[in-house]
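Colleague: Dock chain B against the given chain A, drawing on the hints supplied.
These are the residues of each chain, in order.
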Amino acid sequence: MTCAEFQQELPDVLEGVSSAEVEAHLSSCSLCSELVSDLKAISEQASELRASEEPDPRVWQNIEAVLRQEGLIRGPQSERLFLVTPSRRRWGPASWLVPAAAAILVGLVVFLNRPVFNPAAQKSTQPTRVAVSTPPKAAGAADSEDDQQVLSEVEKRAPLMKSVYEDDLKNVNSYIRDAQNSVDQNPDDGEARQYLLEAYEQKAMLYEMALDGSLP
Amino acid sequence: MVLCHNVRHWELREVCRRQMEESLFMGSMQRAVRAGLIFLFLVCVAIAAIAETKKEYRFTVGPKASISVLNQYGPVTAKPSAGNQVVVTAILRSDKVEVDHDQSGNRIGIKSHLLAGANAENGRVDYEVLIPADASITMHSLTGPLRAEKLGGDVTLEGAGALVDVREISNAHVHVKTMNGPVKLTNIQQGHVEISSVSGDVTLSSVSGPLVQVSSTSGKIHYDGDFGSGGEYSLISHTGDIDATIPTDASVDVTARSVRGQVENDFPFQPKKHTTFPVVAGSSFAGTIGKAASSVVLRTFSGKIRLKKR
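Line by line, the protein sequences are chains A and B. So the first sequence is numbered by our numbering: it starts at 126 and just counts up by one. So the second sequence is numbered by our numbering: it starts at 7 and just counts up by one.
Chain B on its own, in the form it takes in the complex:
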């Protein structure tokens, strides 16, 4: 019995010892793997840091300069500069992409030039462009985002999937084209605004001017503002909903029509006597609110239109 007990005890001890050894081995393996991964990550970061290059270009321009930035992959941000300087800061992700630049008088062109083997990751360039307040700028990027703020000149932004964000622009034209990239405009005063997006949602906050046009195929359109005091506003989508939120003292001549969808209106209005289409309760309305200073057209094919009080 004692022998048997001793044998069992020995076996038990042996099993425990093996398990402890395995556990220790596994633990050390895990530590080794973890350390290896950290080392690999640090190497990658170091390589990326070495490969990433920051470049700066400066141009002196006269009044009403024109700047164009074409970037296949990566963001472009435009802000106002002091004086008559255009300052372009470009962060290149690798040596698979170069920055081409040229100046012809008052016209400046900046372009990312992809080299063989470039892709969305290593071909990316991050641009920040400082331009004089009266300069106009055209920005293209496939992926974006595209941002412009506090500028006084015309702004044109085009990006297939790029998010577009434009803020605080006065007395200028703002033209935006995207495919599925969402578009956001905030505080655009006295602007000539034209937005066309196939499937990106469009959000306008405090946007007013003599002409504001939004056209979309399947994107939703949100307008939050007062429709100014004497402009032409046209918000059109094929299948997207259109929401307009305006104050109770807004002054508009509004026509809303959804061919297959519904319309909702929070405002009492004076119905129009003549319209270019038959007015059908629930799917269209046409009338004036206040002194009808601005003309507003809201049209969708199968989306829903809501004119709401703020």
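So that you can see chain A by itself, here it is in the shape it has in the complex:
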């Protein structure tokens, strides 16, 4: 057995399944032996980290649900979307879209749930919990509610800017709708998915500018 052939068997080896041929290669090849030992160590460390830091499973489920709704991922429902093992390669070169989209969505959720609208909550020293455990709202309704919250905040802090924000939000929402339709119509079009990400990034930027320190 060559090293290349051995590496094909790596996922099974790491899960404790191996043949006599694999064992023979492992005992004769120091490079592959070290590789397996390193991967096992990483896997153990990762599982410890997972136990201590992993958020509520509903967080992952909700993010996955939103990504599916947006058409950014397809295929069978996975138990744990983000615990990607080496054998899970169906994303191909587009695999980077998942963390990128998740980052944008999580960023949006964090912004929307920041306690900036409630002065009493701002004074609180209690750690805030990101409220993503509730089922995702229908995208249009959520957009509308969130946009209204942002607009009311802008109106309080910079009334003259409200109409500009209103127009820009309309344009960005239209961008998202167009991009979403494009993804729905052409699920295999990489450019269409890129449009959708760009659209969400524009909206995230708009929210950020409405809520960060640059407003009075």
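This list has only true hints and no planted wrong ones.
Only pairs whose alpha carbons sit at most 25 angstroms apart, straight line, appear in this in silico SDA-like list of lysine to any residue:
id: 1; chain 1: B; residue 1: 117; chain 2: A; residue 2: 282
id: 2; chain 1: A; residue 1: 287; chain 2: B; residue 2: 127
id: 3; chain 1: B; residue 1: 310; chain 2: B; residue 2: 289
id: 4; chain 1: B; residue 1: 314; chain 2: B; residue 2: 193
id: 5; chain 1: A; residue 1: 287; chain 2: B; residue 2: 122
id: 6; chain 1: A; residue 1: 281; chain 2: B; residue 2: 105
id: 7; chain 1: B; residue 1: 226; chain 2: A; residue 2: 306
id: 8; chain 1: B; residue 1: 117; chain 2: A; residue 2: 333
id: 9; chain 1: A; residue 1: 165; chain 2: A; residue 2: 140
id: 10; chain 1: B; residue 1: 226; chain 2: A; residue 2: 322
id: 11; chain 1: B; residue 1: 310; chain 2: A; residue 2: 302
id: 12; chain 1: B; residue 1: 310; chain 2: A; residue 2: 299
id: 13; chain 1: A; residue 1: 295; chain 2: B; residue 2: 268
id: 14; chain 1: A; residue 1: 287; chain 2: B; residue 2: 169
id: 15; chain 1: B; residue 1: 156; chain 2: B; residue 2: 90
id: 16; chain 1: B; residue 1: 279; chain 2: A; residue 2: 310
id: 17; chain 1: B; residue 1: 310; chain 2: A; residue 2: 306
id: 18; chain 1: B; residue 1: 61; chain 2: B; residue 2: 123
id: 19; chain 1: B; residue 1: 226; chain 2: A; residue 2: 316
Quick caveat, the hints were computed from the structure, so don't treat them as lab data. Since the model is a prediction, treat every value here as computed from it, not as a measurement.
Modeller: Frame of chain A; chain B shown alone:
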């Protein structure tokens, strides 16, 4: 008849006299009003001059210092200073606004602090910031304008409605975010440029570097340059038009696509065999010009794309 004539004459004279008196009265009234307005204006100017305050802050920093300026209302201009000095000149429009400043080692923060009753007019501060050539600067203003020129460090500018004007910057990152504020970049060489504007137009003149990204929702994007010699350029707008004007000897691998709009191309190019989308004549093209040194992506949803010869 004579009496009648005399009576008429007298009446006529009386009418003229009254009109003259009224005219004189009105004239003097107008003069009085004018004088009053001028006096009022002078008083306002005097009050404004008294209320306007100029302040200067100086900081000594080491290499690669980091400066942040947050100004809600008013312009911020950054220019290079001599030596290792950061000099901040602030003109405060009233006593409704203060300037907070702090230094932690190589990091300097300048912030306009609005007091009760402040608004866009009396809360305005005009900043001019001189920084060492290798220092990086972050500038925020709601109204702007934001200007940076001849700097060698990274530049980050954020302004909702602020006009952004960046000139003559080399070997640095330039990051710009605006909502409807127009963005203009001129002579940016070897820059890592990222611009995001929701509805402001973006104009790039002689901008090149390893990475140049422009993203907009409804703003137009104009590029006039040569796309350098080995960078990644991405100009994307949802509904805005994209115009790129390049010389005939440009060397690019270009992909242009307008989902609902049109594309126009002045250049003969070698078509690509593989693309990530179906190429449709009139609404997309993909190919190489020259040696394809730089990668160029032009994308819009419903705007028009034009790749023009200079």
